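*Asks:* So the sequences go chain by chain: A and B.
Per UniProt numbering, the first sequence starts with residue 1, numbered consecutively.
Per UniProt numbering, the second sequence starts with residue 1, numbered consecutively.
If you're looking for bench data, these hints aren't it; they were derived computationally from the structure.
Since we're looking at a predicted model, the values are computed, not measured.
Check the hints yourself; a few may be wrong.
Said to hold, decoys possible - With a Cα cut of at most 25 Å, we get these calculated DMTMM-like pairs of lysine to aspartate or glutamate:
{"hint": "1", "chain 1": "B", "residue 1": "309", "chain 2": "A", "residue 2": "347"}
{"hint": "2", "chain 1": "B", "residue 1": "309", "chain 2": "B", "residue 2": "347"}
{"hint": "3", "chain 1": "A", "residue 1": "309", "chain 2": "B", "residue 2": "34"}
{"hint": "4", "chain 1": "A", "residue 1": "400", "chain 2": "A", "residue 2": "314"}
{"hint": "5", "chain 1": "B", "residue 1": "391", "chain 2": "B", "residue 2": "34"}
{"hint": "6", "chain 1": "B", "residue 1": "77", "chain 2": "B", "residue 2": "314"}
Protein chains: 2
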Amino acid sequence: MTPADAPGTGSTETARSTEPSQHGTTVSELDSPESIAAEVSAGIEAFLELKAAEFLAISPDADDIGRALLEFTRGGKMIRPVLLWWGFQLASGDDSSRSALNGGVAEAAGSLELLHAAALIHDDVIDHSDTRRGKPALHRQFESRHSERRFQGGAEPFGVAAAIVIGDICLALSEELFEKSQSVLGITPSARDLRATLRRDVMVGQYLDVLAEVVPLDDARIGERAWEVLSFKSAKYSVEQPLLLGAALGGADEEQLAEISRFGLPLGQAFQLRDDVLGIFGDPAATGKPAGDDIREGKRTVLIAESMKNLNSEQTQIMAERLGDPDLSDSEVAECVSMLTESGGLDAVESFIRSKHDEALSVVREWATDSSPVSSTRTRIGPTAQRQLTKFAEALSYRKS
Amino acid sequence: MTPADAPGTGSTETARSTEPSQHGTTVSELDSPESIAAEVSAGIEAFLELKAAEFLAISPDADDIGRALLEFTRGGKMIRPVLLWWGFQLASGDDSSRSALNGGVAEAAGSLELLHAAALIHDDVIDHSDTRRGKPALHRQFESRHSERRFQGGAEPFGVAAAIVIGDICLALSEELFEKSQSVLGITPSARDLRATLRRDVMVGQYLDVLAEVVPLDDARIGERAWEVLSFKSAKYSVEQPLLLGAALGGADEEQLAEISRFGLPLGQAFQLRDDVLGIFGDPAATGKPAGDDIREGKRTVLIAESMKNLNSEQTQIMAERLGDPDLSDSEVAECVSMLTESGGLDAVESFIRSKHDEALSVVREWATDSSPVSSTRTRIGPTAQRQLTKFAEALSYRKS
């Protein structure tokens, strides 16, 4: 079902938000990530086509905005939409009337993907990144367009200006799509608060990340700060909060939201710790990023903070000089990389990943009525749903790209 | 009343949005711009203090975000909040129960001011502006902070990165404050659409402005494009849409919204045309901007487009070379300025301002029951309200700064 076909669209608010959640019912099977991604993508595409037509009606010059966003939003991994969808399913149970609400859930999920696109567009400007999802970063695309069309003035500032504004437009569209979902799903105060927290925390996390990269490496808060960035810029925003928002939209109460946090937060932390490892040790062919990319970029990850603990003063100095220097040679990067291994930093992070991942899975086991028939949890799942959650969690914690 | 005291806060949705508007009642007096500005400012300040505490709870490093926004939002002209407030009053009439809703109206109005702050923060990055409201632009403030705190890496890119992210956070807070207003005021589909259109149009207008500055001066669409930028980046966003949003929140129907547009759009156009004139002919002591600033910045205003019509080929070439060159000497700027006068461009724009302004005021006269006792308009005002609207409109169209 496309969002436009969803029943109830156009009404101001439905009573949906005040219905009790389906406590006690067991979720036997979750919708597959592939089917969710397909439905959410189709919804985003239809919405952006509509918006592109509106932009074009404002001015022929505005046509590039819609085109650029349509292209940019294709090919995302759709992690957040899948998690929002599953959060909704976990809270609303195997309710047969649920599918009538799928159009609204797809819109809420699509809204997260647009928020993510906006964050990436601005991120790439901030990090001076050249590529994204295998294509030139948005600011680079507009920089090229400047040259192709023989515009005046500097091509690079034009690219940056266009990307800042188009990122802002994408943020606005994310709000608009979320608001559309409300005509189907309604909105509770807790869902509204979660949405506000989600969109704000990721930006505060981004600020902390920007700050972390300019603070001297021997700053006392390096470890704490790395965990703050990891949690707010990524773990909460990418995993915990999409699940929570979906659950709140599905009618979860405070108790169920707390259960879902106990699964989502450690899994999100494992997800981002893996990202940090891949940013340095990942296979460039798989990740699409050059080896040791995070060293040249100067990211202050938990991996770096853990490694610093065991470096001698000479090594510390070398690391401080090199981290964030975009012109490092491959052998200089390789020396830094081997310090991360030899210091025990990598082992420490792998051990964090294991323990965070296991913590998340232990919650999934509690939810599985099979293994715990007298489960007192609000969230109840059958063996198929348990396998699906376990498989997805493993893909987040132990992925290669 | 502060927003936190407003009745109904915390409820999901109120029935307010479905009450009929107060057609036929006459609005005798509007709240004064000063009292509205004071109430909205206090609301923004209280809200940002709350948010600053939340940021601080995330990390001590995040404290600068809240502080910067608190400082940045002080000293705005509050044009949009006043217009939203008045739109609400015009639609809801002299209803004595209205004052109970003022907390919600102040939040909705404050939300527009935060959206405007976000737009200015990003604007200043895009335009490489050094100052804003008599203080260093936000990116310059963070650039200085980088040096003061002996951070590593480039100070300028840090300032830009911080301003992009803090602008994004300010956008998010604007949404949050608007959502708060809904617990008091409720929301109709028309108000929701107006909010979506408002926040999007200003950004599309900003994109068109960025594009206009790089398109060659002899482009066939220069005149059309200047009017598009003027209307979408400013006239609608600064005047028409705040009035409409306030009116929709106050219960206006389509017919009343159309009446308000007939006043708001031409007034908004007069407001921005005046801005264009002041950007070149304004007294630097009054505007706080250097004389001829818009010439060095390369703004492609209606004033420029009108002047180009009557320049000879030699003059056209000089203008094309100089417009947007930040290093022009004062005498080079002065030559351009005199071309704008001699070409008749300035006269044409002054005549547009007069006719747009008069068009807006003729609508106000229709609303005044005094002069037209059998008025068929939805909007009805008494002599005091008429004087207030006239005075405010004159301040927008004929201001000196």
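*Asks:* Compare the structure with each hint and give your call.
*Replies:* Against the structure, the hints:
no. : hint          : result
1   : B:309 x A:347 : violated (71 Å)
2   : B:309 x B:347 : holds (13 Å)
3   : A:309 x B:34  : violated (57 Å)
4   : A:400 x A:314 : violated (33 Å)
5   : B:391 x B:34  : holds (13 Å)
6   : B:77 x B:314  : violated (41 Å)
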